[in-house]
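S.K.: Here is what each chain is made of, one letter per residue.
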Amino acid sequence: MCTVCGCAEGEARIEGSTLHSHDHHSPESHETNHHYGHGPAHAHAPGMSQTRMVQIEQDILGKNQEYANANRTRFSDHGIFALNLVSSPGSGKTTLLTRTLTELRDELPLAVIEGDQETSNDAERIRETGVPALQINTGKGCHLDAHQIGHAVDSLDPPDASVLFIENVGNLVCPAAFDLGEAAKVAILSVTEGEDKPLKYPDMFHAADIVLLNKIDLLPHLDFNLEACLTYTRRIKPGIQILQVSAKTGEGMADWYHWIQATRAARLVGHPHSQSSSACR
Amino acid sequence: MHEMSLCEGILQILQDNAKTQNYTRVHRVRVEVGQFATIEKDALHFCFEVVCRNTLAEGAALDICTAAANTWCMACGKAVVIEDRFSPCPDCGSYQLQTDGGDDIRIKDLEVN
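Those protein sequences? They're chains D and F, same order as listed. Going by my numbering, the first residue of the first sequence is number 1, and it counts up by one from there. Going by my numbering, the first residue of the second sequence is number 1001, and it counts up by one from there.
The shape of chain D in the complex, shown without the other chains (with noise of 0.2 Å):
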C-alpha cells in the first residue's frame, strides 16, 4: 500500500498506464534513495545508547496534504473548478453527473475524473456525453487520493476555467479523510438509502459543503421522511445547503447547476480567466 494515500501499490490504475511505483517506503529504494535508518554508518551518533524522546509533531496524513494543495494551487492557477462528488455506491451519482455534463456542455468547459475500484464503465459512459473523462481504478483502495489526482490532472490536462468534476470511490467512510484539492466536496445522498444515513456516516457529511437530495421523483413510493433527513443533515453540518433533486425527471437540476454558475463565478472574480474581469473596463 502506498504510504500517502492508501492506495495500494502496484493496484491503483490511471486509465492507459499504471500510477508510477511509489518509492517511498520500499526497503529498497530506501537503500538507494533515503539511507534512513539502516545500520549505524547513516544513523548511529555516539553517547546516544539510552533511550530518549524525540518530539515529532507530525502529521500522518500530511503527504496527501501536501498533493491536495499542490492540486489546488494547480486549479486556482487554470481558473479550474474542481468538485469532489462523494456518495454510497447506487446513490445515482453516474446518472446526476451524466444529466449535469449534458445539459451545461454547452455554458462551460468541463472534465470528469472517475474513481472507481475497477472497470472503467463510468468514464465511457461520461465520454458519450463529449465531454473529456479519465478512469482511475484504485484496485484494493477504498478512496481517491491526492497523488492520484495530481496524476489525472497530468493525463487529462482540463482547459483552462473548466469544472473539474471528480466523482469518488462510491463510499461514506474513507473519502472525507482525503482531501484532493476541491473546491467543494459535493455529497449525494438519495431518497431510497433512509433519512437518517447522515448520521450513520456523519464524518461524510461534516466534510460536505453541499448535500444533494437525490431521487426525490421516487419520494410518493417510499416511507422516507424529507424533514428529518434534512433536520440530521443539519445537526452534522449547521447551515449546509441541500438541494433536493432527480436526475432521472431534472426537478430540481436547475438549481443544481445555478450553484456551480454563482460558484464558480465567485471564485473567479478577480481571476485572470475570469470573463466578467474582461467585460469590467
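Hints in this document: simulated from the structure, not taken from any laboratory. Possibly wrong hints are sitting among the right ones.
Claimed, not checked - Pair by pair, the computed Cβ-Cβ distance ranges are:
{"id": "1", "chain 1": "F", "residue 1": "Gln1096", "chain 2": "D", "residue 2": "His258", "range": "25 to 31 Å"}
{"id": "2", "chain 1": "F", "residue 1": "Asp1063", "chain 2": "D", "residue 2": "Gln65", "range": "20 to 26 Å"}
{"id": "3", "chain 1": "D", "residue 1": "Asp196", "chain 2": "F", "residue 2": "His1027", "range": "41 to 47 Å"}
{"id": "4", "chain 1": "F", "residue 1": "His1027", "chain 2": "D", "residue 2": "Asp160", "range": "31 to 37 Å"}
{"id": "5", "chain 1": "F", "residue 1": "Cys1065", "chain 2": "D", "residue 2": "Asp223", "range": "39 to 45 Å"}
{"id": "6", "chain 1": "D", "residue 1": "Ala254", "chain 2": "F", "residue 2": "Asp1063", "range": "52 to 58 Å"}
{"id": "7", "chain 1": "F", "residue 1": "Glu1083", "chain 2": "D", "residue 2": "Asp160", "range": "24 to 30 Å"}
{"id": "8", "chain 1": "D", "residue 1": "Thr192", "chain 2": "F", "residue 2": "Ser1087", "range": "23 to 29 Å"}
{"id": "9", "chain 1": "D", "residue 1": "Pro220", "chain 2": "F", "residue 2": "Asn1070", "range": "40 to 46 Å"}
Stated by the list, open to error - Over the 10 Å line for every Cβ pair with chain F, so calculated as not near, a few chain D residues:
{"id": "10", "residue": "Glu66"}
{"id": "11", "residue": "Gly79"}
{"id": "12", "residue": "Ser88"}
{"id": "13", "residue": "Pro89"}
{"id": "14", "residue": "His143"}
{"id": "15", "residue": "Gly150"}
{"id": "16", "residue": "Ala176"}
{"id": "17", "residue": "Ala177"}
{"id": "18", "residue": "Thr192"}
{"id": "19", "residue": "Pro202"}
{"id": "20", "residue": "Leu219"}
{"id": "21", "residue": "Leu226"}
{"id": "22", "residue": "Arg234"}
{"id": "23", "residue": "Asp255"}
{"id": "24", "residue": "Tyr257"}
Here the structure is a predicted model, which means the values were calculated and not measured. Where a beta carbon is used, it is the ideal one built from N, C-alpha and C, also for glycine.
Add chain F to chain D, keeping to what the hints say.
M.R.: Then chain F, alone, in the frame of chain D:
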C-alpha cells in the same frame, strides 16, 4: 478502513526522522488522534504491529491519546464538549454547534535510542 496505510505513514515518518534525529531504534510512539478522526484505535494497534515487523520500530509500543475537538455552541455562546458529531449541546440541547479540529492524526513524540 485505511488504518494499514496510516501505519505505513507512521513508519515512513519514523524512518524519515531516524537520520535527522540520530536514532536507530524506536521503542515507543505516542500518537494523538482527534476525537472525530476517522480511525479505529484497535485496528491501528493491530496494523502498527504488523507494519513495524523487521523495521527500526519492530516491537515498539503504540500509545494513542485522544485530543478533544473545540466545539462552540452558537445558542449558548460558549465552548462546550460533545461526544459525537451528532450530539446536541450538553447544556441547552441545541444542534447549532461549530466544531474546530478534532480530526487530526499526529505523531506527538517518540522514545528512541
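S.K.: Indicate, hint by hint, whether the structure satisfies it.
M.R.: Consistency of the hints with the structure:
| no. | hint | result |
| --- | --- | --- |
| 1 | F:Gln1096 to D:His258: 25 to 31 Å | holds, 26 Å |
| 2 | F:Asp1063 to D:Gln65: 20 to 26 Å | holds, 24 Å |
| 3 | D:Asp196 to F:His1027: 41 to 47 Å | holds, 45 Å |
| 4 | F:His1027 to D:Asp160: 31 to 37 Å | violated, 52 Å |
| 5 | F:Cys1065 to D:Asp223: 39 to 45 Å | holds, 43 Å |
| 6 | D:Ala254 to F:Asp1063: 52 to 58 Å | holds, 53 Å |
| 7 | F:Glu1083 to D:Asp160: 24 to 30 Å | violated, 46 Å |
| 8 | D:Thr192 to F:Ser1087: 23 to 29 Å | holds, 27 Å |
| 9 | D:Pro220 to F:Asn1070: 40 to 46 Å | holds, 43 Å |
| 10 | Glu66 | holds, 12 Å |
| 11 | Gly79 | holds, 30 Å |
| 12 | Ser88 | holds, 15 Å |
| 13 | Pro89 | holds, 16 Å |
| 14 | His143 | violated, 7 Å |
| 15 | Gly150 | holds, 17 Å |
| 16 | Ala176 | violated, 6 Å |
| 17 | Ala177 | violated, 5 Å |
| 18 | Thr192 | holds, 22 Å |
| 19 | Pro202 | violated, 4 Å |
| 20 | Leu219 | holds, 24 Å |
| 21 | Leu226 | holds, 18 Å |
| 22 | Arg234 | violated, 7 Å |
| 23 | Asp255 | holds, 24 Å |
| 24 | Tyr257 | holds, 30 Å |
Violated hints, listed in ascending order, are 4, 7, 14, 16, 17, 19 and 22; each of the other numbered hints is respected by the structure.
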